[in-house]
Structure formats: structure tokens, C-alpha cells
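Student: Please construct the entire structure, taking both the sequences and the accompanying hints into account.
Residue numbers (the working numbering), protein chains in the order written: chain A, 114 to 251; chain B, 114 to 251; chain C, -11 to 66; chain D, -11 to 66.
Hints are computed from structural coordinates only; laboratory data are not their basis. Beta carbons: idealized from backbone N, C-alpha and C, even for Gly. Do not rely on the hints blindly, as some may be mistaken.
Covered stretches of chain D (chain A as the covering partner; in silico rule of three or more C-beta atoms under 8 Å from a C-beta of chain A) [to be verified]: (1) -8 to -2; (2) 13 to 24; (3) 51 to 63.
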Amino acid sequence: MELVLVTNKPLDTQAIIKSVESPDGGAVNVFIGTVRNATKGKAVLKLEFEAYEPMATKELTKIVKRAKSKWPILKVVVHHRTGVMQIGEVPVVIAVATAHRGAGFEACQFIIDTLKETVPIWKKEFFKDGEVWVAAHP
Amino acid sequence: MELVLVTNKPLDTQAIIKSVESPDGGAVNVFIGTVRNATKGKAVLKLEFEAYEPMATKELTKIVKRAKSKWPILKVVVHHRTGVMQIGEVPVVIAVATAHRGAGFEACQFIIDTLKETVPIWKKEFFKDGEVWVAAHP
Amino acid sequence: MITIKLFGITREIVGQPILELAEPIDTVGQLKDFMMITYPKIKALNSLLIAVNSEYAQDEQLLTSTDEIALIPPVSGG
Amino acid sequence: MITIKLFGITREIVGQPILELAEPIDTVGQLKDFMMITYPKIKALNSLLIAVNSEYAQDEQLLTSTDEIALIPPVSGG
Chain A
114 MELVLVTNKP LDTQAIIKSV ESPDGGAVNV FIGTVRNATK GKAVLKLEFE AYEPMATKEL
174 TKIVKRAKSK WPILKVVVHH RTGVMQIGEV PVVIAVATAH RGAGFEACQF IIDTLKETVP
234 IWKKEFFKDG EVWVAAHP
Chain B
114 MELVLVTNKP LDTQAIIKSV ESPDGGAVNV FIGTVRNATK GKAVLKLEFE AYEPMATKEL
174 TKIVKRAKSK WPILKVVVHH RTGVMQIGEV PVVIAVATAH RGAGFEACQF IIDTLKETVP
234 IWKKEFFKDG EVWVAAHP
Chain C
-11 MITIKLFGIT REIVGQPILE LAEPIDTVGQ LKDFMMITYP KIKALNSLLI AVNSEYAQDE
49 QLLTSTDEIA LIPPVSGG
Chain D
-11 MITIKLFGIT REIVGQPILE LAEPIDTVGQ LKDFMMITYP KIKALNSLLI AVNSEYAQDE
49 QLLTSTDEIA LIPPVSGG
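Tutor: Dropping the structure here:
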């Protein structure tokens, strides 16, 4: 199991969770991003994610390293999917195993928050009447 | 899928996660408690959980209700297992689906924190040289 | 006569999962006092709560023979 | 000559995934200026960053023909 992965294939949430289990872990926190059927009250038909893949992997690896320097993480896996996704599909899964639960919640939230700020991945929302690159414009 | 469950059978993490998915959800936060091989530096052989089952279910239901009143939760499932568990086994799984991720992290952490304070479930740790009811004594 | 359900460490201290008491115990507070005096090891616990009909009860609450009463030593689920 | 990789909205604005520039562009800052002047729609974006060899680069950083250079419009992963 790659610890950090940007892939155009569906993510295997169960395998990701399984892969962070360890005998010295007491808590696993998992964040699963899912494609929502609406944004700001407007119906979304589908999403498309595009990545600058080698740099995205590099940035994700940096985020994981920073998280590990801030919290006592036993194992962590971050996978991000690219391509077209329908409502309910999963663009991102983050799983963090820690000895105690507080650190797991904090580290997992740090990873998804920072991912959204720094990782070169772009999301396009498709509506009935058009399409928009998210966050591109003020 | 029961929304709140106290059971002596193994928990099905995948089915629990699956059951909170919804088209209007953008984030699922999952907390998985696992049996750790040590506590305060001392090797743990196994754990045993005992519950006052009808009251535990009632208290969990109250916690879920309180969480729903504090955060915009779309779906939430809380399952707790009882009986003897070996290292790596899963005593508790909480899954919370929300439209936005912040509420999911907060609600999931609130549920596990409050569970540990109010739900009548008791954990016994088995060591090589004895056994201890966790939190019983100062 | 009241009937008390016991769990965890209190079950082990008392040595049985159910306790029937014929003593004149009218309230939750009196039951706590009785249990701590009769079983000094219960007094040594971090806390002791009483549940009446699956709800945490205050010391003033009255107990009747039809109530489902349980001793709740410090919980440690999760 | 430098080669620029384009993604997302900047790829759509420029109309191609790779751009080769023969203009005298020495630094990251100059590249940003050139792109914003040449493609006014890029100027309208929330932000524009440049990555050189897969790392975010400061305006002063020098560019060479062997660098892997990419325009990074506002990211929105997750």
C-alpha cells in the first residue's frame, strides 16, 4: 500500500484503513471526501479532478512529514483520486493511526486542511448550465 | 443498519461507513477504536468490555441526539462491541457524514469523548501479572 | 425490597451480578451510603453513580421495589 | 526557450497543456507578469503560483531551459 498516492483509479477505503492498523495503535481517524450533489445550493451533476501528479505526490509527502513532526503518528495513508467522479464517489481518503485519539483527529484534520491549500489538484464542478473550476475566481 | 448498537459480535467497519453515505454528504469522518498492546508502558494481553446494555444504548442515543443538535449531521452510526477482544480488534466505530468536513471532525470527536464519560461500559485490561478495571481507582 | 444490578468492578467487589436488599433504603443517596459502608472497596472507587430505570439518578430520587436499579462505577468504554 | 506545463483553468485559458516560450524570461516573477499580460483571464484568477521542478518557487528564482516549470492556479483538491 502506497502511503501517499494520486491515482485515476477508485480508492479502496477498506484496504487503506486496514493498512494503518498496528498493535500499538489505539485509535484510527479516517477522513473520506465524497462528491456532493450540490454546492452553495446549486445542483452538481459530477466532478472532475485534475492533478499535477508528481508535484501533488511530493506535496502530499511533505504534508505527511509535517503532520508526523507535529503529532505522534504511528501510520498514515493519504490517497487522492483524479478524473471524473459521480455523486457519492470518493476523491480522497486519509487514515491516521495513533496511540491516543486526540492526536489522530488533529493530524487527520491538519492533513485534509493543508491538502486543500497546497496540493496541486484542481476540481471542476459540472452543473446543468455550465462548469466551474472551484476556487479559481474571487 | 442500527444507528446505535451495543453488541458482542465483531463490528463491520466497512458496512458502517457504507451506511452513512448520502448524496448530500461531502465528508465522512470515522473513528475506529482499536485494542492497543500496551497502556502506560505496560504490555496488555487482551481487553474485556462489559456493558449495561439497555442503558448504554439509551445513553448512546442521547449523545447522538445532542451531537445532531450541535452540528448539521446528515447521518451518524455508533457501534460498540462487548466481550473479550485481542490486540488489534475493534471495540468501537463511529461514522459521521456531513456536508462539510469541519462539523464532521467536531461531531465525531464529541461523540467518542462523551461516550467515554457517560456510557455505562467498562473495560478490563489483562496484564501478565494481573487485571485492572480501567479508570476505577484514583 | 429493592434489586440492584452490578457491573464491572462493583460486580466483582460484591461477588455477584444482582443484589437484593431488604434494608430500609428509600433514596439513591441512602443506597450509595449503604453500599459504601457495607463494601468499603466501593468507597475507594473514583466515583459511584446510580441508575434508576436506565437513567442516571440524583441522590434525592426515591427508590421503589419495581425500579430497575444499577450501580454505575467509573465508566471506561470506547 | 522555456517550457510551461498548464493545468486546470490555466490550461483552458491558454488552450493547450504545454506552452513553449522563446521570449526573454529569466525569473519566476517575469513569467507571472508575461502570462498575466498575454492572457488577461489569468490576471482575473484568485492567485497564480509557479512551480519549478515540482516545488513552489519565489518570484526571484531564475528559470532555465532544463527546468520543469508549471503554472499553478488556485488549487481545489480534497
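Student: Next step is simple, just say for each hint if it's right about the structure.
Tutor: Taking the hints in turn, this is what the structure says about them:
1. -8 to -2: It holds: at least three residues are needed, and the segment -8 to -2 of chain D offers 4 whose Cβ sits within less than 8 Å of chain A.
2. 13 to 24: violated (count 0)
3. 51 to 63: holds (count 5)
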